[in-house]
Each structure stands twice: as structure tokens, then as C-alpha cells.
Amino acid sequence: DKGSTWFKANVDDTYGFFGVYGWKFTDIRVSPDNEDEIFALGNRGYHSVDGGKTFEQIGEIIVRIHDTRGLVMHLDHHEIWIDPQNTDRILLGNDGGLYESHDRGQTWLHMNNIPAAEFYSVSLDMEYPYNVFGGTQDNAALYGPSDADVADHTDDPWENVYLDRWTGGDSFDTLRDPTNPNIVYYEHQHGAMLRMDIQPGGDVQSGGDSTQNIRARAPEGQPEWRFSWYTPIIISRHDPRTLYVGANYVLRSRNRGNNWETMSPDLSDEGEGMRSPVPFGTITMLAESRLLPGIIYAGTEGGAIWRTTNDGDTWEQINEGLPRKWVSRLVASEHEIGRVYASFTGYREDDFNAYLFISHDFGDSWLSINDSLPAESINVIAEDPTNEDLLYVGTDLGVYVSLNRGQTWDSLSTKLPTTPVHDLEVHPRDPEIVIGSHGRSVWVLNIESVRAQALQ
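In our numbering, the protein residues as written are -1 to 454.
One or more of the hints may lead you astray.
[Claimed, not checked] Lysine-lysine pairs mimicking BS3-like chemistry, simulated, CA-CA at most 25 Å apart:
1. Lys6 with Lys51
2. Lys51 with Lys22
3. Lys0 with Lys51
4. Lys22 with Lys323
These are calculated hints, taken from the structure and not from any lab test. This one's a predicted model, so the numbers in the text were calculated from it and none came from an experiment.
Turn these sequences into a full structure, and let the hints steer you where they fit.
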């Protein structure tokens, strides 16, 4: 009766639809030709032919276009489509990509020739050719050569820093030690950090003697530290043994993660916050001055920005006049000591405007530089290392470039799929920008022509 009254069709809650995060993607679809046939999506997919009284897990016999080490169906199902002209044909979208079935979900073809990885982060090293490192939504931490040509779908030269049995696992910041190329730092949800000793070209997996758990934990007897879903981690530009991590405190390790200490008071602005399943009241972004040691900026999900200029001895809040929204990026300039950039995103409140600011005095005052940007949530801003006036921005719909330090902006997405860009980095040696998209994998663009235009 169109939702006027309801009855409970299923009393068995042991199927495990939800897990911890099932509410994010759970969905239900009814077959177009049989009202009692139901597909229910969650961490796994289930099929019912009796109106939901009982369910069976969908089939996991899978043929893949490209071989992987996956043993079973990928987890976290987001969408399903049943062909109304032929209900045996089904398309399924999950964190592993796109699957097609021609027998009502008993067997599947995994169309993993489509680059659909959702990258949260990208970082670059100084090898020849340089490598790209990145963390993805449920497709692990990866690295590979920047010059890989996969247009002809040849063997993928990328390696996994971490991989679980579903060829998955959420990963975020993935960073190579600049002085020891065999050391890679990576993380899972909510500050679960690890350090791995890899060998070039090796097939690295999690769990061996080469992997060390370096998760920062509060001293015994003290309240647990809170970490965001995507916890910011940076390696100090001035001492590569020093790591900084954002929790509700700024944390520091001086020995590559073996030991941790707080170097700030509680900077969160959400009170006690919440630890599980989705903690809040956390630091979402960190930045260290590249030019002067001891200057660090921290931003929170509530829009607060904090600064220390004396290596954590004292902290000042510097966000007066700025929007009280999630701090999506902080960048300390490599061209001018006091210059810092800050971006915010309001998409959690259905506010999709662009929020981007610059300061020339360490954050004491701010100037908006988003006037000519479209109304798109900003995820990242980066300077060009060769030209202080050349800026790049990644939004939920693409990439933009400014030739005049934010006075005007132009699209750089002519041939880029319309997809969220969660991270980008300009290589310090090669004239290239690397884009980590959240839905269409990693892209590399030569920017020699952009740099030449900026000099005109």
C-alpha cells in the first residue's frame, strides 16, 4: 500500500548485510517480472525468491578479464541493475568494480579492464621513472611506475603494498621514505598505520616480518585518541625520521613510528567526539612548512585551523573569518615562508560551493581566491614548484589551474573523465602532474605547455 503499513518479512538478522558500514551502501531491488524475487545489497549480496522470508548469498563463481589474486567476490555492494527485457542479466557494482551475470547472479564476469579505482591519495618518489604511491577505497595500497602504458590492457606493472583476500582493504596516505626507498608507510581506517620494508620489484604482502604496526596509541590510563576515517600522515621535510599524524591531537614520532608523543593540546572542536563506528572530533589535515622547521598547521572537520611556529610548544587558532566547514587541504608554500593555502568542503551539509583561501602572514589574515571557480567542492590545492603563481586545484568534478595565484581559474579537465579528484601532486623534477581520482584511477598530465603559458 505504497508504504502506509509495514510488516517484518524476515526475522533472521544473521546474514550480515551491514557489517560496520553497510548503512552507507545497502540497497534493495525487486525483479521486474517477479515481485517475490529480491536482491539485497550490503557487505555481501543476497538473493530471495520468497519475498524476503529467506535469502541466499549470490554466487561467487567469477571469471575476470584480467587475472587477480582475488579468491571471492569483492565486498561492499553499492548498486545492482536487473535488465527489464531479460531478468537473467544483471549488472552489479561494488568496491571491486563492475560485474555482469547472465544467470541471475550465479556466475559473474568481472569487467576489471575498466580503470575504476577510487584513490584517496597519491604521492611520488624520485626514481627514474618515478613511482606513484596511493591508497584506495577497498582496493588496497598500491604503487607503480608513472610511465606505465596500460591503454592496450597489457599486464599491469603495479604492485600492492597491502592486499587482503578480496583484493581489497581501505588505504589512505601511502608514502615512501625519501632517504630509504625500501621503507613505505601506509594506513587503513582511523589511524591504523603500518611501516613496510619492501624490496624493489618484490611482491609485497601484509603480515610478514617486513610489516610493522606503528599505530599511535594513547598511554595506558588516558582516553583513547580519536582518528578520522582518513587520518592525515606526513613525513617531515626536515628530518625523514620524523612523522606527524593528526588525531584529536597532533602526534609526532621521531623514530619512524616506533614511539609517539602528543605535540599539541586537544585541537578538536567537537567535545568528546565518538570513537566507533565513525569517529568525529578529529584533525583532518596537516601541513609542515617546507622552508622553516617548527612551523606546522592543523585543520579539523569543524573548520578550525591551528598553527605552531615553535615546534609545538604553543598553538594558536587562526581561522577567524573562515567557513566553519571540513578542512580539506592545507598547503604551506615552498616559495614564501608565511604563505599558506586552505580549502574547505561543505558537501556534508549539501553545500557544494568552492571555498579556497590564501594567507601571506602565517594565517593571521586570509583572502578568498575562489571567485572564478565553479560551485564544486574542493578537495586539494597544490603549488607548482617552478612558479609561485601557478596553482592547481582538484574538485569533485575535475581539475583547475590558475596562472596568476588564484585571481582567475581555467579547467584542466578537457580529456579527464568527470570524476572527483581527491588528490594531486606536481612532480618536483619532471614536468608532470599526477591526479588521483575517486572513481577513474590515476592520471598523469605533462604540464610543459601550462608552465610556458604562465610565463607569457
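Take a quick look at whether Lys22 and Lys323 sit within 25 Å of each other, Cα to Cα.
-> Roughly 22 Å separates the two Cα atoms, so the pair holds.
Keeping to a limit of 25 Å between CA atoms, is the pair of Lys51 and Lys22 held or broken?
-> holds (23 Å)
Is the straight-line distance between the alpha-carbon of Lys0 and that of Lys51 25 Å or less?
-> Holds, at roughly 20 Å.
Holds or violated: Lys6 to Lys51, with C-alpha atoms at most 25 Å apart | Roughly 9 Å between the alpha carbons, so the hint for Lys6 and Lys51 holds.
Taken one by one, the earlier hints all hold for this structure without exception.
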